[in-house]
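Hey, can you work out the whole structure from these sequences and the hints?
Note that my numbering has the sequence shown beginning at 121, numbered continuously upward.
Since the hints were made in silico from the structure, they are not lab data.
Watch out, some of these pointers could steer you wrong.
[What the hints assert, rightly or not] Calculated cross-link-like contacts (lysine-lysine; reagent style BS3-like; alpha-carbon spacing at most 30 Å): (1) K557 / K738; (2) K288 / K467; (3) K633 / K666; (4) K522 / K583; (5) K719 / K738; (6) K336 / K368; (7) K633 / K573.
Predicted model only: the values in this text are computed from it and were never measured.
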Amino acid sequence: MFLGHSYNKYESKVYFPKAINMLYISLRDSARLDNEEIFKSIILFVRKKIYSSRNHKSISAFKDLVIISTRLYPYVSQKYKNILIDYLGISFREIINFYSVSTIKSEEKNNYEREVIFAEINYWSLIQLTKVIIDGKDYKNFNKLFEEVSQITSWFDLRESKSEFQTKAIEEIRFMHRSFYVSVYSWLVFSYANNKISINELDNFKLNENILNELKFRNDIKLFEVFVELKTRAFNGFFEIDNWELKKHKSGKAYMALSARDWLNFGFTILLLNNRRFVISRFNNEIKLNDSFKFLLNDIKEVLGRIENNLEDKWNEFLYKNHQDIDFKELFLSSKNDILNTLQELKKKQELSYYADVVNEELSLLKVQSFKESVLKNWNNNNIIPEVLKRYNCVEYLDNIKEIDGYGYLNLYNKMKSMFIERDDNFVYGASDVGAKLARDIERQFYSNLKHKKGFLEVKNLKKDIDSKITMIEDKSKYVIFTDWKGLELLNNNREVEYLQESKDKFSYAKYKGISIISKSLIFPNTLLLIDLESSIEYTIYQDEKWFAKELIIDVLELTQEVIDDELSKYEDKWKVNEEYEVTKEEAELLIKSSILIKVLFKSQMKVKNTDNYYFYKF
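So, in structure tokens, the structure goes:
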């Protein structure tokens, strides 16, 4: 329940934007003219209207009024910056304590969603104001503002909640409160990392007193859950922090935009290095699933590498300034190891919990059918040999004979059952390429059989030898040429290749002296096949009405107990180490059961009945 990109979706109903804009202009003018009395009176009026719009439940008016301080702050002198924070800083605290949280604890559930929206707008404005204060290195007002915000923390007492709806609403606002602290901390240390503020300036923001002392959690897992949820929401517009930049960029010039993911990852890593208690204990509580846990290990590992490279020059004095007579490198490496071990454990917990749910899910018939159709499409787009042989009357169709084996794949897709369950949208790139792969294997078989019966003709001048052979062919319509782009270039030396705009054969794209040219993959590179297919090949395709296009077997199968037992026998070599963490045999069984079998088969037989009418050139 959050606004995301919707901070600007509410049109003012009680106050017209022009009226609010006039208040803003009047504040700027009174500050510019140094009319303190007028400035204070307008600020008090704005504060009154903030509370009034809140009382009257006007979301749009509240949004436009509460952001005035952020809009105004960069354009007034320090004197008026101080007045601004003195008069409006308290409103951020009171909006949460005396309005949102108090209202939620006392009202019916139909008001909860609205109260959460008001709270988010309040924190959105607060964090944007904090950002401009940081940019201005206004330590005094930063500390003053955080004195107000710190008084919110104690209000999130869930013991007073009377219902599940109240608990969820208060938890959501508490998440915003914690997200505010994590975001500000991350931005400050990221600014220090990029030399936008010095170590002394960073000290002036009093991170321990203002932020770290407020990030209190009853269980260690909660910090990680808050962080990954914040990062996910930030990507979708939460608090509008994903558009923050370290410096202003000139319009009209390209630049690499900063992402909240970058600086949140950095800040979170420093937070873990600064608070070893978060990473030296193990987690006893159930983890709240979030896909980000799968990637957090690699994200933080990359940041740790950057910090380690600048440990002596930049981070020793920040991380270990209170440590005396200690090997900083050794201390860092110890913390790094603890962090990586913890993140591995988190990844393991998340994945095992996820796979435990996947195992019990039924396969989605719709997703299975969609996958089969995708495999069939890839087969149809690549099955050169069967289609060409059909075109040249080489194929005999027979009903399926069970005793004859098909050729293809029965592949175990490790931990990929999630591709085929209803509640997930997991997609594995290239999974359906098995159709194209089978077509290429059939093509490889075709060329290999021909080569086995009659070896290559090695030539120095391909075009000359081909031309000589073609002159002896009476009926060129029976012949085809299989070649790749290299062979085509040699044939087209004198611009004698005719490229076709349209062709009856979907794999034929050109003619050479009246003979169709068929695209050939790079199986046996630097080769060209000239062949009378009908007189050279007998090809049998076995069919069944239940198969796709009566010719292709495609199945998505859950594992039988026999397959599970067989995979478990490979525990030590195959399953014990999984995604950088070790699993027990019982956990390995869970991973195996979350796998899926994909079967794709094509049943055919090929016989080379005559070797006189084909020539396999190697050049």
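Query - Numbered hints the structure breaks, given as an ascending list - result: 3, 4, 5 and 6
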